[in-house]
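**Student:** Put together the whole structure using the sequences plus the hints.
Same order as they appear, the protein sequences are chains B and A.
Sequential numbering of the first sequence, starting at 1, is according to my numbering.
Sequential numbering of the second sequence, starting at 97, is according to my numbering.
In short, the hints are calculated from the structure, not lab data.
Warning: the hint list may mix true and false statements.
[Said to hold, decoys possible] With a straight-line Cα cutoff of 20 Å, these simulated SDA-like cross-link-like pairs (lysine to any residue) come out:
id, chain 1, residue 1, chain 2, residue 2
1, A, 474, B, 50
2, A, 373, A, 126
3, A, 485, B, 49
4, B, 47, A, 464
[What the hints assert, rightly or not] A short, non-exhaustive set of chain B residues, derived as facing chain A with CB atoms under 8 Å:
id, residue
5, 12
6, 18
7, 34
8, 37
9, 44
10, 67
11, 69
12, 71
13, 79
14, 80
15, 91
The structure displayed is predicted, hence computed values, not measured ones.
All C-beta atoms, glycine included, are put in the ideal place defined by N, C-alpha and C.
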Amino acid sequence: MRISREQVEHVAHLARLGLTESEKERFSEQLSTILESMEILRQVDTKAIPPTAQVIPLLNVMRDDEACPSLPREQILANAPRLEEDYIRIMAVLEE
Amino acid sequence: MDLSKLTIHEAYDLLCRRQTSSRELTRFFLERIEHENARLGAYLTLTPEVALEQATQADALIAQGDGGPLSGVPGAIKDNICAAGVRTTCASRILSNFTPPYDANVIERLKAAGMVMLGKTNMDEFAMGSSTENSAFFPTRNPWDTERVPGGSSGGSAAAVTAGLAVYALGSDTGGSVRLPASFCGLVGLKPTYGRVSRYGLVAFASSFDQIGPLTKDVTDCALLMNIIAGYDRRDSTSLNAPVPDYTADLVPEIKGLRIGIPKEYFVSGMQPAVEKVMRQALATLADLGAEMEETSLPHTEYATAAYYIIAPSEASANLARYDGVKYGFSAPGEDMWDAYTKTRQYGFGPEVKRRIMLGTYALSAGYYEAYYLKAQKVRTLIKSDFDKAFERFDLLVTPTSPTAAFKIGERIDDPLAMYLSDVFTTTANLAGIPALNVPCGFVDGLPVGMQLLGKPLAEGTLLRVGYAFEQSRKGARK
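**Tutor:** Here is the structure:
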């Protein structure tokens with residue numbers, strides 16, 4: 001499976017991942033090689049096999065909705081790159 | 097007595113008999129780190145004030161006779177496990193300025209047990225790698241041969257314990273990241289059953305695989321740490337609510353009649369012949385100790401690497417979507433919101449993390465989901481059922497941990513596929529969720545070789561018992 005440069009750009013866009021020109025070249029080659037090695041999975045007959053998403057015998061783990069103390073606001077905000085008063089400042093989501 | 101070679105239980109004895117204090121031990125290790133760390137690159141962040149404060153508390157506890165087996169013993173923590181108020185980077189530029197405001201569950205448990213934390217250890221960025229060369233800061237070197245890698249991704253933890261820069265360390269294992277460095281550095285390393293140790297406060301890589309595990313100098317230390325870190329935690333919804341046994345109770349050198357399977361798919365061409373020879377000798381030792389050894393088959397083994405390197409990057413691509421430069425971490429300016437996201441992630445992530453985000457995003461994208469992600473999940477079912485069937489006949493399985501001893505720095509870094517194949521024997525345990533223990537079993541050209549014990553879910557005790565019996569028999573042989 002050959003991954004074209006256009007495909008690399010498309011996937012990078014989906015992942016919001018900026019890539020340099022040389023990274024696009026390199027990833028197109030490397031991802032092609034890696035995906036080619038994964039073709040081996042086609043040899044396995046999985047028609048009657050259910051997928052496994054997780055391996056433990058737990059289903060729909062619920063907990064009581066109890067009020068409990070949360071972390072101090074200052075400590076959470078201390079990690080934020082941009083603040084305005086007690087709020088995290090972000091860039092406009094909707095255009096005017 | 098060389099304090100750098102101390103195990104947890106030896107340090108405990110010294111502390112109980114007042115032959116040293118925790119402050120004295122802690123100062124010894126901090127000084128040693130100061131001399132050795134530049135050469136080995138084991139630690140990313142040192143926490144001397146925290147360590148000495150904890151040592152003072154531990155000394156007070158010990159003086160009252162209230163110390164536990166870990167009280168006052170200096171250890172190291174992989175830098176993807178959160179400790180409140182201590183920078184946690186995951187060896188990534190994107191988290192280089194991140195200070196978590198809370199403790200991971202394992203840190204809470206270790207603190208309650210009297211831990212002394214020396215610092216946070218180097219790793220492959222976001223635990224993605226097999227050599228610790230993918231750290232955004234500097235690579236870690238193998239203390240046995242500094243031209244070689246320590247294995248990864250918990251390479252900093254392994255190098256720290258091996259070089260006597262910590263008595264013990266915690267790592268994390270998503271596809272072999274505790275066991276491979278344990279094997280390359282000659283340590284005991286355990287990946288517990290999925291759900292046995294809480295993932296609360298472990299920075300997520302691939303959530304259906306990630307487990308925290310100990311890296312120690314012997315099997316007894318591994319059992320002591322498991323007694324502390326294993327157990328239910330409601331804040332991790334995949335945590336198993338099962339009783340935690342006293343793992344040290346399993347440490348008896350008695351394995352007569354245990355049924356051990358040797359899966360033939362783990363002894364394949366491409367293995368370093370000298371490694372295979374050491375492995376065969378280890379198997380003979382287990383037979384001498386009275387285990388019933390028999391060859392068996394796990395027929396879907398050859399598909400594990402492909403399945404793992406589809407599922408883990410897929411989960412990673414979703415988990416790492418949170419790094420957008422808004423709430424925390426590195427943040428690049430941009431013309432608009434999307435541009436800022438894109439630039440933040442472009443400069444914040446290193447090449448291997450980008451590669452895996454790309455791979456995972458591709459495998460989950462429209463038109464490829466069924467051919468890659470769903471197919472890999474179905475193969476995961478088959479790999480798990482191979483193990484289920486084998487465990488109907490066997491108490492445990494024994495394999496090499498890696499087909500080679502530690503490789504040279506730079507040897508595989510430009511060939512991602514060759515690097516992925518370092519994990520060819522370790523990803524199966526993560527795919528199936530079963531426990532797996534690396535036990536050192538010999539040397540090849542002065543480099544350690546490890547054997548891997550694979551067990552039934554929650555049968556860590558059986559693995560520790562066999563590991564202990566093996567370790568004791570080798571001690572006897574050396575004397």
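**Student:** For the hint on residue 12 of chain B, just tell me whether its beta-carbon gets within less than 8 Å of chain A.
**Tutor:** Cβ of residue 12 of chain B sits 7 Å from chain A, so the hint holds.
**Student:** How about residue 44 of chain B: closest beta carbon in chain A under 8 Å, or not?
**Tutor:** holds (6 Å)
**Student:** Hey, does the residue 69 of chain B contact hint survive, CB to chain A under 8 Å?
**Tutor:** Violated. Min distance 11 Å.
**Student:** Let's test the interface hint: is any C-beta of chain A closer than 8 Å to that of residue 67 of chain B?
**Tutor:** violated (15 Å)
**Student:** Hint check: residue 373 of chain A vs residue 126 of chain A, CA-CA at most 20 Å. Holds or violated?
**Tutor:** violated (39 Å)
**Student:** Do the alpha carbons of residue 474 of chain A and residue 50 of chain B lie within 20 Å of each other, as the hint requires?
**Tutor:** Judged against 20 Å, a Cα distance of about 6 Å means the pair holds.
**Student:** Can you verify the interface hint for residue 71 of chain B: is its Cβ closer than 8 Å to any Cβ in chain A?
**Tutor:** Holds, about 5 Å.
**Student:** Would you check the hint for residue 47 of chain B and residue 464 of chain A, treating anything up to 20 Å between C-alpha atoms as holding?
**Tutor:** holds (17 Å)
**Student:** Hey, does the residue 79 of chain B contact hint survive, CB to chain A under 8 Å?
**Tutor:** Holds, because the Cβ-Cβ distance from residue 79 of chain B to chain A comes to roughly 4 Å (cut-off 8 Å).
**Student:** Taking the least C-beta to C-beta distance, is residue 91 of chain B closer than 8 Å to chain A?
**Tutor:** With a minimum Cβ separation of about 4 Å from chain A (threshold 8 Å), the hint on residue 91 of chain B holds.
**Student:** Against chain A, is residue 80 of chain B within 8 Å by beta-carbon distance?
**Tutor:** holds (6 Å)
**Student:** For the hint on residue 37 of chain B, just tell me whether its beta-carbon gets within less than 8 Å of chain A.
**Tutor:** Hint on residue 37 of chain B: holds, closest Cβ of chain A at ~6 Å, below 8 Å.
Checked against the numbered hints listed earlier, the structure breaks hints 2, 10 and 11; every other hint is satisfied.
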